[in-house]
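Engineer: Okay, here's what each chain looks like letter by letter:
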Amino acid sequence: MLSKQTGPKYPTREEVDFVVVGSGAAGGIMAKELSTAGFSVVVLEQGPRMDPSKFGHDEYGDDEANGIAMTGEHDPQSFKDSEYSSPYRRNSLFYLRTVGGTSVHFTANFWRFHPIDFNERSVLGPMSGTGFADWPITYDELEPYYTKVDWEVGVSGAPGGNSPPRSRPFPMPPLPVKSSGVLFEKACKSLGWSVRPAPMAICSEPYDGRPGCIHCGFCMGWGCEVSAKSTSLATMIPKAEATGRCEIRALCTASRIETDDTGRCKEVVYFDSEGVQQAQLTKAVVVCGNGGETPRLLLMSDSNLFPNGLANSSDKVGRYLMGNGQVHAYGYYEHPLNEFKSVQVTRISQQFYKSDPKRGFYGGGGMDARFQMGPLSFGLGRGLPPGSPKWGREFKKLTGEYFNHVIDVNGHTTNIPMARNRVELDPQLKDRYGRPAMMVTIDDHPDDLKAKQWFLERTIEIVEASGAKRIWSRTPTPSRGRAHLLGTCRMGNNPNESVVDRYNRAHDVPNLFLADGSSLVSSGRGQPTMTIEAIAFRAADHITQFAKRGEI
Amino acid sequence: MQPKDPSRRAFFRSSGSILSGTWLAYQLPAILALSELACKAQLESAPLKALNNVEAFELEAIAAQIFPSDETPGAREAGIIHFIDQAILNVMEKSDEELLRQGVVDLQTSVGDMYPTVGRFSALSNERQIEYLRSIENTSFFNLMRTLTLTGMFVHPKYGGNRDKIGWKHLGFDDKHTWQPPFGYYDEQYLKEGGDAK
Chain A
0 MLSKQTGPKY PTREEVDFVV VGSGAAGGIM AKELSTAGFS VVVLEQGPRM DPSKFGHDEY
60 GDDEANGIAM TGEHDPQSFK DSEYSSPYRR NSLFYLRTVG GTSVHFTANF WRFHPIDFNE
120 RSVLGPMSGT GFADWPITYD ELEPYYTKVD WEVGVSGAPG GNSPPRSRPF PMPPLPVKSS
180 GVLFEKACKS LGWSVRPAPM AICSEPYDGR PGCIHCGFCM GWGCEVSAKS TSLATMIPKA
240 EATGRCEIRA LCTASRIETD DTGRCKEVVY FDSEGVQQAQ LTKAVVVCGN GGETPRLLLM
300 SDSNLFPNGL ANSSDKVGRY LMGNGQVHAY GYYEHPLNEF KSVQVTRISQ QFYKSDPKRG
360 FYGGGGMDAR FQMGPLSFGL GRGLPPGSPK WGREFKKLTG EYFNHVIDVN GHTTNIPMAR
420 NRVELDPQLK DRYGRPAMMV TIDDHPDDLK AKQWFLERTI EIVEASGAKR IWSRTPTPSR
480 GRAHLLGTCR MGNNPNESVV DRYNRAHDVP NLFLADGSSL VSSGRGQPTM TIEAIAFRAA
540 DHITQFAKRG EI
Chain B
0 MQPKDPSRRA FFRSSGSILS GTWLAYQLPA ILALSELACK AQLESAPLKA LNNVEAFELE
60 AIAAQIFPSD ETPGAREAGI IHFIDQAILN VMEKSDEELL RQGVVDLQTS VGDMYPTVGR
120 FSALSNERQI EYLRSIENTS FFNLMRTLTL TGMFVHPKYG GNRDKIGWKH LGFDDKHTWQ
180 PPFGYYDEQY LKEGGDAK
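Protein chains in written order, with numbering that gives the first Met the number 0: chain A, 0 to 551; chain B, 0 to 197.
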């Protein structure tokens, strides 16, 4: 399953132009952009490098990706459900540890944020007791970089609905609609709600040297063995290495960024694949971990000059941890849907994207239709309506009837930034290298649960309007885990209120840049990867200009 | 024989609650090695190595109630008992192994008390087996048996269990991995009605 890196090899004791920490959605782009611009780049990736051609379709056997992602044995976390409670050992932040990062197994929903996501505080006014804030950049400033993601990473889709403005068409048409998409589209139309083909980072036809989707059905949680899914591993990493200037160092776990007497980064300390401590000298550092690992690394890099952690004079590093709410309404249909085939999502609705004060709470969202269970997880009984038998003749009968006849209409919702929701270093718990574990607090604002409940009611309306023979849903509960890791090193103009400036440069450290989910000021309405990648492209553009002008 | 390793053992501890949501397969890799061994055992018709005959009869009878054979094949035909045997040998925590073995002992004691002339669960009538399992369905012993049985039903057949794709055929899952539209009934109708294929 492992494959070899093909780029150059830089000596650790010779200064490179950039060390990029992380090789995922953001890190892959950063590596490709900086090396293409002519800089020498070393990428430190804590996970192994996998060979895409070896990814398969077997629900557990080929799921090494998830094993690497989720195994808490060697990298434990602790969890608090409020700022006042005691932490206990529990992993609540989920991400993939491999070259290509979580993009390797993502579902590939590639929604752009809308203009409102960037200035919502100005539009709606302040929300007391929260970190609700405008971004320092607008949708218009990010739009060219969304377009860059469309064309350089590879996104299929079609405009329509109330989709955000775009300067260029999608490079590929949408993927073929599935039965879930047809039922969803007809229901939305009958309700008078907007609906459009799902924008997906999956090739609907051959594109940029990669084949079109073979509709195997194994996207969410699996690697794509034909590389039709536009992961960093399939798109950016090979291009970065092809420059001859980028070295991807797999199985190298960053543990500390060292600074010199003037407070500038000088090297990144890491544990190599043998567990031996190394340090790569560098002119500048770009951290593209994720909303969990990036603040962790800064907090681990405390020193006399930076007693609260690197770049943390604002005390905002690790705070405002956000994800997205997700709710589920299910429908059972008369005829076979065969949802195990092809990509997870083919239609979405953003009818209720904006928050409406008349509802009495803050919150907006988007919806889609999918089915996301393999035979094993379904067979263990998780796909049946509540109250179904759990074994025996009737259980057997229901599993046979339901597997190919069920859709799951999802609502994806906002998550209000709260200072209390954060990533800290656990004072006791350590990982295998002795690095402090992440201590995570998740305690949502009450409006987040109200938004989930409101969107659950809308998803139920869709299932009702779609002609389902039987309808059921899951009661929304407060979030206790995150797969979207956002907000923990937020971007802003005020150094007292944010960690990085509008160009993703740390306010406190001139040669340190942070560009990943941690930069986001608001959560969007689900599917943040497109925005993470646009931010990475934009940051890379500015970093390149700064470097060429000698301003780093 | 591979040594028991903690990350694999964790599968059975937590599989009931973990197989859901985005982190669908948290522990699934744990079962890979187990399944390969089960496959070998099945193909070679190897005798059971961890379970004695009494345990095998009793546990297989329970598995056959969890996923019965009726008009279509069930746990018996899928080779579940080999899967369980290999689980005990290779990946199961000692405490779970003891739970299984003690479960059989307890089963025989209580069945013996209730039906002295029969003595064995597997020799009870179908109705009495079901009635008895209902009375223990909230025990950790039964839950472990349920997880083992259903996992063995729906794993990839190349690894053991799910013999002849019995479990997948039952669901209507087809492991042909390249498809073309139309995929299901409603998108096929949609195309016929002149909807945009995209």
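Quick caveat, the hints were computed from the structure, so don't treat them as lab data. One should not assume that every hint holds.
[Said to hold, decoys possible] Here are the simulated DSS-like cross-link-like pairs (lysine-lysine), alpha carbons at most 25 Å apart as the crow flies:
#1 A:Lys185 / A:Lys8
#2 B:Lys191 / A:Lys468
#3 A:Lys396 / B:Lys175
#4 A:Lys238 / A:Lys147
#5 B:Lys168 / A:Lys188
#6 A:Lys188 / A:Lys357
#7 A:Lys353 / A:Lys429
#8 B:Lys191 / A:Lys185
#9 B:Lys191 / A:Lys389
#10 A:Lys396 / B:Lys168
#11 A:Lys53 / B:Lys175
#12 A:Lys357 / A:Lys449
#13 B:Lys48 / A:Lys468
#14 A:Lys53 / B:Lys164
#15 B:Lys164 / A:Lys396
#16 A:Lys185 / A:Lys396
#17 A:Lys353 / A:Lys188
#18 A:Lys449 / A:Lys396
#19 A:Lys389 / B:Lys168
Engineer: So, for every hint listed, does it hold in this structure?
Structural biologist: For each hint, the structure was consulted:
1. A:Lys185 / A:Lys8: Answer violated: lysine 185 of chain A to lysine 8 of chain A is near 55 Å, above 25 Å.
2. B:Lys191 / A:Lys468: Given pair lysine 191 of chain B, lysine 468 of chain A holds - Cα atoms ~23 Å apart, limit 25 Å.
3. A:Lys396 / B:Lys175: Since the Cα atoms of lysine 396 of chain A and lysine 175 of chain B sit roughly 24 Å apart, the hinted pair holds (cutoff 25 Å).
4. A:Lys238 / A:Lys147: holds (15 Å)
5. B:Lys168 / A:Lys188: violated (35 Å)
6. A:Lys188 / A:Lys357: Within the cut-off at roughly 24 Å; holds.
7. A:Lys353 / A:Lys429: Violated, at roughly 42 Å.
8. B:Lys191 / A:Lys185: holds (15 Å)
9. B:Lys191 / A:Lys389: violated (39 Å)
10. A:Lys396 / B:Lys168: holds (13 Å)
11. A:Lys53 / B:Lys175: Given pair lysine 53 of chain A, lysine 175 of chain B holds - Cα atoms ~17 Å apart, limit 25 Å.
12. A:Lys357 / A:Lys449: Measuring from Cα to Cα gives roughly 13 Å; hence the hint holds.
13. B:Lys48 / A:Lys468: Cα-Cα ~48 Å, so violated.
14. A:Lys53 / B:Lys164: Holds - the C-alpha atoms of lysine 164 of chain B and lysine 53 of chain A are around 23 Å apart, at most 25 Å.
15. B:Lys164 / A:Lys396: Holds, at about 17 Å.
16. A:Lys185 / A:Lys396: Roughly 30 Å separates the two Cα atoms, so the pair is violated.
17. A:Lys353 / A:Lys188: holds (19 Å)
18. A:Lys449 / A:Lys396: Not satisfied, since the Cα-Cα distance of roughly 37 Å exceeds 25 Å.
19. A:Lys389 / B:Lys168: holds (19 Å)
The structure is inconsistent with the numbered hints 1, 5, 7, 9, 13, 16 and 18, although it conforms to all the rest.
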